[in-house]
Amino acid sequence: MTGRWPSARLASAWRALARWADAERGDGPPASRVRRWIHATIASTVLIVAINSAVDLLDNHAPVRSLSVLYLLAVVTVAVLWGMIFAILVSLVSVLSFSYLYVPPRGKFDITEPANWYSLLVFLITAIVVSELAARSQRTARASARLAEEQGALRRVATLVAQETSREELDALISEEVGQLLSADLAMMRHYADDGSLRLMGQWARSTRLIASGCPAAVDRVTELIAQTGKLARFENEMLGQRGGDGATFSAVGAPIVVEGRLWGAMIVASRAHDLPANTGARLDDFTALVAIAIANAKNRADLAASRERVVVAADETRRRIERDLHDGAQQQLVALTFELQATQESLPSGIPQVRADLSRVTQGLVSTLEELREIARGIHPAILVQGGLAPALRMLAQRCPLPVQLELEVDRQSRLAEPIEVATYYVVAEALTNAAKHADASLVKVTGDARDGMLRVRVQDDGCGGASPARGSGLVGIVDRVEALGGKLVLRSPPGAGTSVELALPIATQA
Amino acid sequence: MTESCLIVDDSLGFMDAARGLLERQGLRVVGVAVNGSDAVRLAHQLHPDVTLLDINLGDESGFEVAEQLQRHANPSPVILISTYAEEDYSDLIAASPALGFLSKANLSVAAIRALMQRASGYRET
Ligand SMILES: Nc1ncnc2c1ncn2[C@@H]1O[C@H](COP(=O)(O)OP(=O)(O)OP(=O)(O)O)[C@@H](O)[C@H]1O
Ligand SMILES: [Mg+2]
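Residue numbers (numbering that gives the first Met the number 0), protein chains in the order written: chain A, 0 to 511; chain B, 0 to 124.
The shape of chain A in the complex, shown without the other chains (with noise of 0.2 Å):
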């Protein structure tokens, strides 16, 4: 330690110097490049002080001409983190000062000595050289560490959609990335809806006024833009949050979402400060055209989703219809036939009995032909589900299955859930119990379910044999199937000799 503490000591001075420097470095706005010069004036003069007074030191000890060289130190610390301007102007400070205070003849700078336009030379190369390369460092340094931020965001991104999170969460999370990213004030997501509205998808803002105060309906023009031309757009003086706001102006930079070819929406980044650097849009076109992967990939996934949803439900609606029809047609005419048939078999004259013992059977047959056809639409779909809905339902599975049931449900009589929901727990209730009384060999059967927090929780439990595995049939295929198809998962639990238990677990929205 002992040994390198002066070369540690300059280091960390050196880091801190660097720090002031790099504060607002480059590309930044007229307010910061003011206070760069200002940091850059102060620290040359300290510098050419401090050499000064250590060439007053050393005057006596070496030879004056060679104590020039100090100054380079000057010239190369000004050049690495101000620039090649700045280490020019020190050059030329540095030469004269120390010829006019130093070189004798002293308080006189001789302009025909050759020595200092020679030392002047040397200084300027080097002040040339060593800023040019500190400059190319630096643009590496900053590219591969803003390429690492990049690459970060967008590993976030692509987590998120792995996990198959929500669309508003995946918007929430696409906005704050691109708005830190590119370090604004506000960064939005919008889609292009195909019924021609403008949808918000996504929203960050860095303070939650800024949010508060109505800025979206502002860069609509922003929008209005990337939507005639499908390119970057850009507009300094944007009046943000008219409603209530504090009439403040922002900088704002819009790129298009183009997903499968289509103009999907546009990201919108906005700065209240006006100092969105003039790389922004391009920076943020690049990021948003990963981003579109992503998003072309939830949308997919959400259009699959849907589709599956679309397929259940109109299965459904057939089936409906189905039943209805049997039930409104043929089982009404069979009805009204057997009362005609006894109309005929009572005004029939006594003394035909065999006329009558084949009428007689006539009816008999109607009146099974009739049950069966029951039995048919109980299968199509339960009636009692459209007119009394889940509970009534559950609760004439119960009393039909052929083991004992036991059924505790909370769930409101009153409030109807939605109709694919209750017919879908109506089928799982259904396979499960059959299920029960076809494969377990049990003696009793739970049946508990309770609707709260916005999720139905549905569980059909035996105390049978076990080992159920959908492979080996299709019903529990279906309900998984069905279950998944609106967004709920069913787990199926069913280790050899332990019972079985059917676990449903799916969204509501309950329905007035």
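Honestly, the hints are just simulated from the structure, not real lab data.
The structure presented is a predicted model; accordingly, all values stated were derived computationally and were not measured.
Do not rely on the hints blindly, as some may be mistaken.
Claimed, not checked - Taking CB as the label site, the calculated pair distances span:
1. B:93 <-> A:414: 15 to 23 Å
2. A:302 <-> B:43: 19 to 27 Å
3. B:110 <-> A:300: 55 to 63 Å
Beta carbons: idealized from backbone N, C-alpha and C, even for Gly.
Once you have looked at the hints, place chain B with the ligands on chain A.
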């Protein structure tokens, strides 16, 4: 005694057949209705001894119509009828103010009287 009866059903084929059957068996069918509001109005006007009420009245639920009928002063007793079996609706039938249920296939004046007697028997005890 010939009881008067109101039939509420949206299937006209069944309605005709049922009317024929019941009248032959000695019931007076004093009115027919195909929907809930007609049913309520006629029940009020005619005061039948019994109302036969179909559970599936098109888009209306017979259970709701039964409640409406019950809300009247001095309501006439209601018997629910359906092509479905009692077990298909057992829960809802039990919860309804109706006297009871008859499957359409088993409809007869004897069955109606049996239900009414059982109900009045309950009422007296
Ligand atoms: N509760 C249970 N207890 C024990 N084994 C069961 C149980 N449920 C299902 N199984 C087993 O899992 C298999 C698959 O069940 P699944 O319901 O998918 O088909 P299935 O009942 O045989 O035919 P179906 O297509 O008519 O439903 C059954 O064949 C049976 O062997
Ligand atoms: Mg099965």
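Within 55 to 63 Å or not, the Cβ separation of residue 110 (chain B) and residue 300 (chain A)? About 57 Å separates the Cβ atoms of residue 110 (chain B) and residue 300 (chain A), which means 55 to 63 Å holds.
Is 15 to 23 Å respected by the C-beta to C-beta distance linking residue 93 (chain B) and residue 414 (chain A)? 20 Å, holds
Are residue 302 (chain A) and residue 43 (chain B) spaced within 19 to 27 Å by their CB atoms? 55 Å, violated
In summary, the structure is inconsistent with hint 2 from the numbered list given earlier, while agreeing with all the others.
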